[in-house]
Structure formats: structure tokens, C-alpha cells
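Asker: Going line by line, the protein sequences match chains R and F.
Each residue of the first sequence is one higher than the last, beginning at 6 in my numbering.
Each residue of the second sequence is one higher than the last, beginning at 6 in my numbering.
Please note that the accuracy of each hint is not assured.
Copies of one chain are not kept apart here, so a pair can be met inside one copy or by any two copies together.
With a cut-off of at most 25 Å between alpha-carbon atoms, the simulated SDA-like pairs for lysine to any residue come out as follows [said to hold, decoys possible]:
| no. | residue 1 | residue 2 |
| --- | --- | --- |
| 1 | K19 | G114 |
| 2 | K47 | T195 |
| 3 | K131 | I115 |
| 4 | K47 | I121 |
| 5 | K171 | E143 |
| 6 | K169 | E143 |
| 7 | K180 | M148 |
| 8 | K180 | E143 |
What the hints contain is simulated information worked out from the structure, not anything from laboratory work.
Number of protein chains: 2
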Amino acid sequence: MAEINKGEMLYEGKAKRLYRTDNPDELIMEFKDSLTAFDAVKKDTLAGKGAINNQVSALLMGALGEAGIESTFIELLDETHSLVKSVEIVPLEVIVRYEAHGSLCRRYGIEAGTLINPPLVEIGYKNDELHDPFLTDEIAALMGLATLDEIARIKYLALITGEKLKEIYLKQGVKLLDFKLEFGRFAPRTDKWGGPGQPRIILADEVTADTCRLVDAATGEKLDKDLFRFDLGDVGEGYKKLLAKLGG
Amino acid sequence: MAEINKGEMLYEGKAKRLYRTDNPDELIMEFKDSLTAFDAVKKDTLAGKGAINNQVSALLMGALGEAGIESTFIELLDETHSLVKSVEIVPLEVIVRYEAHGSLCRRYGIEAGTLINPPLVEIGYKNDELHDPFLTDEIAALMGLATLDEIARIKYLALITGEKLKEIYLKQGVKLLDFKLEFGRFAPRTDKWGGPGQPRIILADEVTADTCRLVDAATGEKLDKDLFRFDLGDVGEGYKKLLAKLGG
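So that you can see chain R by itself, here it is in the shape it has in the complex:
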């Protein structure tokens, strides 16, 4: 593992912190032990959760990278820290759904578990005060959150990311029901040939049990944040089981 040399803290969110490094294209991401749900109305901490999510995200983003899907993940630094690319986050939450659960059911009265095929790609405006409201491509473009071209790219990347994630999980007997992604604009100041790199939209943030709805394919047992959301069982055990299944 590389040496950790954290600079100024640039950002602290509900589950992560970001620090500068000497390289303007790279940041250090720290995973916290906090758990939040329902717009952070429900909060808790869980010792070891940051370490698990750091490793799960590294394993998944690593596998996505091997499949040709670029993300901000560069390498694991230690249990709770990873080196990541510095991006300008697109203020959209991108949700891909294979079954109807959660907010989709609450908003429209759709029965939980309804199969969704082809999958649905939803976008929401990342804004805590407004409770991340769901929106259309046209409204996102009108608000200047992203261009229609960027949104088309983001939705395509979300769909192919989902295909790869489903495959990875299913090999471990885990079924992916839906997940949330974030994307960033990466405009590297330097690339390996010494010039400024090609600006591009890449997968950002994290891919963990906090951002995926996952069940054991055989038993239906939940392995994700719903354990915490609805007090359904031992969250730590669920998260550890998932990490073990992914080979961490």
C-alpha cells in the first residue's frame, strides 16, 4: 500500500471525507464509520463500517476498471483510505432499478418487487435541503446541472456499470435489485504523456452496500443498508458477509 500524506480536508459528507494530495489530479478519500438513512434523519455509527466500505468499493471499482469502466478509484491506501481522481461532481444521483423498491414504490404506489425490464435509469438533483428531488433530463439541463449530452453519457455508463455489477454479484450468489451512482467531470491537468488529459465523465463516489440494494440470491436475506434503514438485523454482519463474498 502507498504512503498516506493527507493534505487539507476539502469536503466532509455523511459517509466520507476528501483530502488534498501533492498531485492536483488526485485526492485521498476516507470512509467514515457513520451510517445515515432517510435524508440523514436516522443516524448511527458502526465501528469497522468505513473499512468495509472502503474495501468493497475498491474491489468493485477495480473490477469495473478491468471491464473498461473508468472510475475515480486509483488504489487502496490503508483500511479506510483510498487514492482517487479529483473530479467535479455532477450534482445528480443516478439510480438504476431492476426491481421496484423504496422511493419508486412510495411515490407511485407500485408494488415492491415488481420486475423492471428494461431497467429504469432515474436521475435526482443532489440537494439535501430539497431532499434530492427526482427530475427529468430536460429539467436537469434547464437547471444547468449537466448538458443533455452529459446526461445521455451518464445514463449509458450507469446501465453498463449495472450489467457488470449484476454479473460480479451474481457470481457470489448476490442479487442486485437497484443501486445509486454518482459521476464526475475529470479534466486531468497532466496525463501519462505529459499533456493535459482528455476531459471526460467518469464514475465517482462509491459503490458499496450503502448505495446498492442487495439480497442473497438463495435465501433472500438482505445484505445492504436496508438492514439499518428498517432495523432488520446485524448491519455489521451483513456488510462483512458482503465483503467476504466479494473476496475481501
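Add chain F to chain R, keeping to what the hints say.
Answerer: Frame of chain R, contents of chain F only:
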């Protein structure tokens, strides 16, 4: 005016009632004097309002019909009744916006009055219990509310209806900021050649000051339901002014 021969009442909503006629393809629509806003949390009655809206809707749907946009409106029967085509209502509220106002501003924090060009066509699920939630074409299709083909047709009809409405209003010095439409599936059992008619999506419901956001183009004075929503002035006077401007 035609004779009124109301049969069984088929439907009573917040602002209208529908009755059978002897012709299975035709119903009688009655406009009530009730005013409701904010999901019917705010309610009142206003003597004469039903008559005004019946006439405004007849004038506007008549003009739309002359411009080639088919609606359910057939003819005025008396002050508060019109003869209309019997359709299966598509359970979507279709909103066309030329400026940001109301729910769009509340949901996303967009500044009121922001110009929207090209106009935005939003759809919502007509469901009082769920508060008419906003949705995407894909979710509406998933829920079986309409096919993607029907939604494309509905959005196109909403846009061309808006162009015609803007023109009609502007001739009278009235600016249209946004409006709501509903559409229905009309599958006539008989047509003028004696056979079953071509099934088609047509404009339904009403086009009145209850469903349009309107201001006097010169003074900015409100002429629509916002007078009632926000207690901004004499609702009856506003509605009467609008009817007078439209030549009723």
C-alpha cells in the same frame, strides 16, 4: 343551444360532473361553482364560476378545433353544461411551461419567472392520494398508464395546443405562463360513415383559468386560479375579465 337530457351521473370531480346521454359516444359535462387548490386543501365556492369556465373552455376548445386540434368538446348546451365526447381518460396530468412557477420552483429551487425555452412538457400521475406525483415517460409506461407511443403523441399534442393557446391569449393581451391538460382515448362506436371510428388520443377535460397560469401582458395582473390560491384579489372579477377578453 341543444336540449339537455341528462342521464345517469357517471363521475363527480372537484370542478365538474359527467352524465350519460342516449348516445354512447357522448356525455354531458357540467361545470360546478367550486374552487379548489393545493390538492383540495383549500376549497371555496364562487357563484357563476362554473358558467364562466364552461364558456371559456368552449371558446378555447372551439378555437383549437378550428386549428385542427381535436378535443372532447362538441357544443355548449347551456350556461354550465356542454356536450362532450366520451373518452377513456389517460391518467396523466400534462403540464407545459414557458416560465418556471409553482411546483417546479418548489421542487428544485428554481427562481420564479425563469424563462423556459424550449418549453418543458411535464407529466404527472393523476392520483389524489399520491398527490399527482411527477414522473418520466418510462415510469408511466412501466405503470401501464400509457404506452411510450401514446406519451409521445400526448406531448406533441400538448406542445401544439400550447402554441395555439399562446396565440389566442396574446391577441387579447394575455400572457400564458404554463398550463395543464388532460387527454383521453376516443374510440367512437359510430362515425359519420356508420362504422366504428378510428381510435385516437384527443384533448380532454377543460382549458380554463383553473388550468392555465395567465397574466395581463401589459400590467402583469393575474387572471387565473392564483388569485384564489394566494388570495391575491377578486377571483370572480379575474375570471370574468378573462372571459370578456376571449369574447364571451
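Asker: Among the hints numbered above, which are violated by the structure, and what are their numbers in rising order?
Answerer: 2, 4
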